[in-house]
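Okay, here's what each chain looks like letter by letter:
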Amino acid sequence: MERREGSLGVRVKILVIEDDARTAQALRDGLRGEGFQVAVARTGEEGSAALSAEPCDLVVLDWMLPGRDGIEILKALRAQGRGTPVLLLTARDTVEDRVLGLDSGADDYLVKPFALAELLARIRALLRRSGPEKPLRCQVADLVLDLETREVTQSGRALSLTPREFDLLAYLLRYHGQTVTRQMLARDVWRETHRSTPLDNVIDVHVAHLRCKVDEGHTTKLLHTVRGVGFVLREEATP
Amino acid sequence: MSRWRGQTLTLRLALWHAAAVLLVVLALALFVRQVIERRLVVELDRQLRIDFDIIEGQIEDAADGKLHWPLRGAHGEEGYARLAAWFEVWSEEGQLLLRHWPVPETEAHARPGPPSGQELRFYSAEVEPGLVARIMERPGRVEHRDVRLRVLRDSSGLRRTQQELVRVFLVGMPLAALLAFGGGWLLARRALAPLAGMAARAREITARSLSQRLPVSNPHDELGRLGTVFNETLERLENSFDELRRFAADASHELRTPLTALRVAGEVVLRDQRDSAQLRETIGAMLEDAQRLQDLVESLLALARAEAEAQPLQRTPVACGVLAREAAENLRVLAEEKHQRLVVEVVDGFTVAGDAGLLRQALLNIVHNAIRYTPAGGRITVHCRRRQSEALIEVEDTGKGIAPEHQGRLFERFYRVDKARSRAEGGAGLGLAIARAAVERHGGRIELESAPGKGSVFRIVLPV
Chain X
33 MERREGSLGV RVKILVIEDD ARTAQALRDG LRGEGFQVAV ARTGEEGSAA LSAEPCDLVV
93 LDWMLPGRDG IEILKALRAQ GRGTPVLLLT ARDTVEDRVL GLDSGADDYL VKPFALAELL
153 ARIRALLRRS GPEKPLRCQV ADLVLDLETR EVTQSGRALS LTPREFDLLA YLLRYHGQTV
213 TRQMLARDVW RETHRSTPLD NVIDVHVAHL RCKVDEGHTT KLLHTVRGVG FVLREEATP
Chain Z
7 MSRWRGQTLT LRLALWHAAA VLLVVLALAL FVRQVIERRL VVELDRQLRI DFDIIEGQIE
67 DAADGKLHWP LRGAHGEEGY ARLAAWFEVW SEEGQLLLRH WPVPETEAHA RPGPPSGQEL
127 RFYSAEVEPG LVARIMERPG RVEHRDVRLR VLRDSSGLRR TQQELVRVFL VGMPLAALLA
187 FGGGWLLARR ALAPLAGMAA RAREITARSL SQRLPVSNPH DELGRLGTVF NETLERLENS
247 FDELRRFAAD ASHELRTPLT ALRVAGEVVL RDQRDSAQLR ETIGAMLEDA QRLQDLVESL
307 LALARAEAEA QPLQRTPVAC GVLAREAAEN LRVLAEEKHQ RLVVEVVDGF TVAGDAGLLR
367 QALLNIVHNA IRYTPAGGRI TVHCRRRQSE ALIEVEDTGK GIAPEHQGRL FERFYRVDKA
427 RSRAEGGAGL GLAIARAAVE RHGGRIELES APGKGSVFRI VLPV
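For the record, the sequence lines run as chains X and Z.
Be aware that the first sequence starts at 33, since it is given in our numbering, and climbs by one per residue.
Be aware that the second sequence starts at 7, since it is given in our numbering, and climbs by one per residue.
These are computed hints drawn from the structure, not numbers from a lab.
If you're wondering where the values come from, they're calculated on a predicted model, not measured in any experiment.
Built from N, CA and C at the ideal position, the CB exists for glycine as well.
None of the hints are false.
Restricting the straight-line Cα-Cα distance to at most 30 angstroms, the calculated cross-link-like pairs of lysine-lysine (DSS-like) are:
{"#": "1", "chain 1": "Z", "residue 1": "Lys406", "chain 2": "Z", "residue 2": "Lys344"}
{"#": "2", "chain 1": "X", "residue 1": "Lys45", "chain 2": "X", "residue 2": "Lys144"}
{"#": "3", "chain 1": "Z", "residue 1": "Lys344", "chain 2": "X", "residue 2": "Lys245"}
{"#": "4", "chain 1": "X", "residue 1": "Lys253", "chain 2": "Z", "residue 2": "Lys344"}
{"#": "5", "chain 1": "Z", "residue 1": "Lys460", "chain 2": "Z", "residue 2": "Lys344"}
{"#": "6", "chain 1": "X", "residue 1": "Lys107", "chain 2": "X", "residue 2": "Lys144"}
Listed next, the stretches of chain X that the computed footprint assigns to chain Z, with coverage defined by at least 3 CB atoms under 8 angstroms from CB atoms of chain Z:
{"#": "7", "stretch": "227–241"}
{"#": "8", "stretch": "251–262"}
All chains, full assembly: derive it from the sequences and hints.
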């Protein structure tokens with residue numbers, strides 16, 4: 033199993049405060065599968081106790097909790113002057129709720145139901161926040177993207193991509209090895225926050241086009257569909 | 007005031023009625039009193055003129071230099087009072103020459119002064135205690151002698167008439183008011199009787215019995231109109247309740263379909279021995295169903311939010327041209343897949359104040375709908391222009407058109423023209439409903455022009 037390590041070479045520790053047993057268990061398994069060290073608290077009080085008992089690198093916090101609710105815990109944490117990144121989970125997604133959540137000191141906000149892929153992407157983004165700058169060139173296998181000139185070459189041969197296809201590929205490449213959901217693509221590549229638009233179809237067509245250009249005629253495929261979740265960019269030889 | 011308002015409408019109407027009648031009678035009484043007094047005074051004055059002429063002619067200038075009235079004593083001293091007319095004759099110098107008074111001279115109480123002025127004068131005065139007289143004064147001539155003559159007549163008849171009149175009105179007015187009150191009460195009760203019936207019926211109407219209607223006896227009078235309006239409101243309520251009920255049923259049906267697939271797939275996987283690849287396949291299918299469920303829930307939420315009037319819109323200036331172009335560009339790949347031409351014809355330079363996200367959602371859904379239902383090789387045009395104070399965004403297609411019986415219901419939630427076909431293509435039947443809710447939220451409307459075989463035009467009309 034891959035071990036996720038923080039800047040000091042210690043395993044990254046994540047505290048999940050979530051009252052729903054199934055969700056909590058799924059989050060624990062999912063995060064452990066990614067190499068994180070996970071502690072779970074099931075009530076607000078338990079969560080506060082865990083927070084003050086030992087330090088952690090990131091908190092996944094449910095808003096609606098029995099006892100002390102998530103916002104209270106978050107405010108208490110910030111009042112102590114602790115800057116631990118907090119990802120707030122909630123079923124409430126009005127603009128007012130988002131503002132309240134972020135104003136209370138949350139670093140990010142994820143609306144239920146969410147895909148594990150998206151949660152992982154956001155956790156990585158939060159952990160990376162103090163990390164190095166985004167590189168201007170990135171590469172996977174023989175595919176090289178220059179983010180400044182917006183040029184793509186594969187095995188030294190230039191690929192002709194539409195601007196949208198380039199953005200899509202760049203995004204997949206940034207999360208390379210990780211699954212990206214259509215929701216993430218709609219929001220981050222198409223800048224569409226409303227979910228009930230026909231963009232999912234559009235995304236599928238663009239991915240199909242991109243796959244044509246990138247994988248057609250290669251034995252090592254890069255662009256894969258993860259059924260029911262989204263897409264992932266990684267080297268995988270087809271049998 | 008609150009006590010007054012607390013009374014029933016019937017009582018208040020009756021009281022108003024009585025008050026109005028009382029006021030009219032009072033005004034009438036004052037008027038009648040005035041008219042009668044005027045008539046009586048005129049009549050008295052006419053009598054006085056006749057008296058004057060007779061008396062002036064009857065008075066003689068006796069040899070002793072005194073004036074003499076031959077009728078004096080004919081009725082005896084005590085008979086003075088019975089005479090209708092009395093008089094005084096004064097000299098020009100203001101000396102009383104002759105007096106015929108209602109009481110014997112010895113008992114006379116009042117000593118009115120000499121007539122003043124040279125002119126004819128009428129007035130009323132109390133000449134003896136309790137005796138008011140109408141008086142006429144005028145210069146006269148007795149045999150060659152200039153005198154001033156004052157003629158008087160008892161005017162207590164006038165006062166008696168007036169008193170009688172007042173008595174009649176004092177008795178009559180409360181009677182009239184009472185009658186008016188009773189009449190008003192009956193009238194108001196009769197007129198408002200249907201109201202009680204309507205109230206009783208309205209009280210029985212609940213969400214469960216919305217099909218009931220109020221009885222309307224005469225649809226042309228005020229209460230009838232009220233009843234009609236109320237019935238129309240009930241009709242609308244019933245319709246929206248029906249729609250809601252249908253919506254709940256449709257929504258559960260739509261949710262049930264992916265849920266069933268999800269359950270069955272899970273059960274089958276548990277029952278059979280499967281290898282890892284098959285397991286992954288099944289779980290992927292289950293996740294797809296979960297995604298469909300989530301999309302449906304998102305769409306329902308979007309619809310609820312677009313319809314929620316309580317939340318204020320986040321309005322910013324939205325350039326319609328940009329909106330139209332963006333929507334078309336976003337969906338262009340879908341049209342290209344079907345070898346359709348997607349054309350944008352835009353007049354730029356105007357904005358509407360609105361929620362860009364909601365409007366984009368509406369337009370995306372309409373354009374997507376056009377792409378989906380236009381056959382391969384067709385043409386879809388997005389026009390954007392301004393018509394007076396309205397912004398128009400039209401989506402025109404060369405599809406097969408929509409039959410009139412579907413046009414009215416096309417924007418209803420979960421309504422599909424071709425049920426089997428659209429579900430297979432993944433449509434939940436909410437796109438147009440969301441579009442309409444979003445546009446109506448902005449005070450606009452969506453117009454539909456379509457005929458079978460002739461294609462369709464969906465027109466978003468927004469106030470600028």
